[in-house]
Amino acid sequence: MKKFFFRFSILLFSSSLLFIGCEKEENKIDIEEPPKEADYNYDVLSLGEVAVGLWVTPPANYQTSEEYARIRECGINFVNGFHYFENSNSRILKVLDYCEENNLKFFVNKATVAEDIVKYSKNADKSLLTKFINEIKPYAEHPAFAGELLMDEPGKPLFGAISAFTKAFEEAYPDKMWHVNLFPSYATGGIQAPNYNDYISNWLLTVPSKHISYDSYPLLATGGITNDYFYNLDIIRSKSRFRKIPFWTFIQTLSIAGTPGVPDKREPSETDIRWQVWTNLTFGAKGIQYFCYWSPGNGSEQFGEALIGLNGEKTVRYDYVKKINNDINRIGKILLNCHAEGVILTSVKEYPMFEQLYNFGIIDSVTGDESIVGCFENEKGEKKVLITTLTPDKPSNVILHLSENSRKIKVWINGSSQEKVVNDKSISFQIKEGEAVFVEFLD
Numbered sequence: 207m208k209k210f211f212f213r214f215s216i217l218l219f220s221s222s223l224l225f226i227g228c229e230k231e232e233n234k235i236d237i238e239e240p241p242k243e244a245d246y247n248y249d250v251l252s253l254g255e256v257a258v259g260l261w262v263t264p265p266a267n268y269q270t271s272e273e274y275a276r277i278r279e280c281g282i283n284f285v286n287g288f289h290y291f292e293n294s295n296s297r298i299l300k301v302l303d304y305c306e307e308n309n310l311k312f313f314v315n316k317a318t319v320a321e322d323i324v325k326y327s328k329n330a331d332k333s334l335l336t337k338f339i340n341e342i343k344p345y346a347e348h349p350a351f352a353g354e355l356l357m358d359e360p361g362k363p364l365f366g367a368i369s370a371f372t373k374a375f376e377e378a379y380p381d382k383m384w385h386v387n388l389f390p391s392y393a394t395g396g397i398q399a400p401n402y403n404d405y406i407s408n409w410l411l412t413v414p415s416k417h418i419s420y421d422s423y424p425l426l427a428t429g430g431i432t433n434d435y436f437y438n439l440d441i442i443r444s445k446s447r448f449r450k451i452p453f454w455t456f457i458q459t460l461s462i463a464g465t466p467g468v469p470d471k472r473e474p475s476e477t478d479i480r481w482q483v484w485t486n487l488t489f490g491a492k493g494i495q496y497f498c499y500w501s502p503g504n505g506s507e508q509f510g511e512a513l514i515g516l517n518g519e520k521t522v523r524y525d526y527v528k529k530i531n532n533d534i535n536r537i538g539k540i541l542l543n544c545h546a547e548g549v550i551l552t553s554v555k556e557y558p559m560f561e562q563l564y565n566f567g568i569i570d571s572v573t574g575d576e577s578i579v580g581c582f583e584n585e586k587g588e589k590k591v592l593i594t595t596l597t598p599d600k601p602s603n604v605i606l607h608l609s610e611n612s613r614k615i616k617v618w619i620n621g622s623s624q625e626k627v628v629n630d631k632s633i634s635f636q637i638k639e640g641e642a643v644f645v646e647f648l649d
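Here the sequence shown stands for residues 207 to 649, numbered as in our numbering.
Quick caveat, the hints were computed from the structure, so don't treat them as lab data.
Where hints are given, some of them may not hold.
FRET-style restraints, in silico, Cβ to Cβ [what the hints assert, rightly or not]: (1) Pro-469 - Glu-321: 24 to 32 Å; (2) Val-522 - Pro-363: 38 to 46 Å; (3) Glu-321 - Ile-568: 37 to 45 Å; (4) Ser-369 - Asn-504: 18 to 26 Å; (5) Asn-504 - Asn-611: 25 to 33 Å; (6) Lys-450 - Gln-636: 33 to 41 Å; (7) Ser-271 - Gln-562: 31 to 39 Å; (8) Pro-265 - Val-522: 44 to 52 Å; (9) Gln-398 - Asp-630: 47 to 55 Å; (10) Gly-503 - Asp-570: 47 to 55 Å; (11) Leu-411 - Glu-585: 24 to 32 Å; (12) Leu-411 - Asp-245: 26 to 34 Å; (13) Lys-631 - Thr-412: 18 to 26 Å; (14) Pro-414 - Ala-275: 33 to 41 Å.
Cβ coordinates follow ideal geometry from the N, Cα and C atoms, glycine included.
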């Protein structure tokens, strides 16, 4: 993923993705009974809004309260620590203070934890768990401490060790949260599993999770998007919906080149960034994380500039992200209390999906231009849909065909809403590139 110093050789799915068809037959790996419908919490950080995080924090020379105020001003509400920069308890405590001053939650990330998880997977030495728990004590009571970011992109063989660490953490710090980010579906070498379905299902069966996080970067340098992007979103949506847990994703904010086995990714435009955010919410994401906030340095992979350049100055993408974070806020608060029941995908090209919908509630079908229609239901049984364009480069005229007419709806565009009465059996929406329409069916 975003792990600059991590070098698994991974192979991109072929454009046909033939094996997904075979994998679909195995999509009942989950053997647990789903939790009771009322037993869910999608707001795991207790923010009252969609969780909005970042990857790559300000470097040591920029660790000031003013820098963390700039993070908050961008519409970000939690920070994933970056162990290269917060590499001592004194630095961790200093950054926690800055986060508290600016109403941010912070996940501590320590290189030694990931190293010890790998050691534990080879030799289950209980002293490693004791060390892990004890090393949290100096900052455990800090108000800004959200929990521990244990590691990034583990392969399946590490799941048992991670489970031991998470259980120890939950026992010692029951009011805090642990965080692990998983591989995308195109990381066929990194997952160390027969297929992606097996990888995700075994994660959820092995590691009792209150949320799931993964990253997938879709914006190809040659134009267009990766073929498996929607499949990845949909399988995570389906697995998390079954367990009534939220899923978090990552948004690509920079160009990426030189990742072994993976096509290069382009520098995102404002439309590219907005489209990613709306698409992730359309599939049901309850948290988004930006890769990256601060521009990373280059190694064998080359990265463009993110929201903040290496010189500490804002790039144009800072304001792009600030605007979309503001635009999703009110709609996001509604979606935070809704189950993501599935997605109706309208496209000329066949994009693989895990469990595609074709109708929902009174929506019999969707026609018009290519689009994505996310289908949601709250605890009262009220239906809602979030509609965006299929790709970031084309607008869409979308028509919802209904089984009945004379329905009252509320239509949201960004933070503004308007109630309307539908007097026939279809509704149409013109959606620009990088935009979305949210529809609540009121009666």
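(request) Would you list, in rising numerical order, the hints stated earlier that this structure does not obey? (result) Hints 3, 4, 5, 7, 8, 12, 13 contradicted; others consistent.
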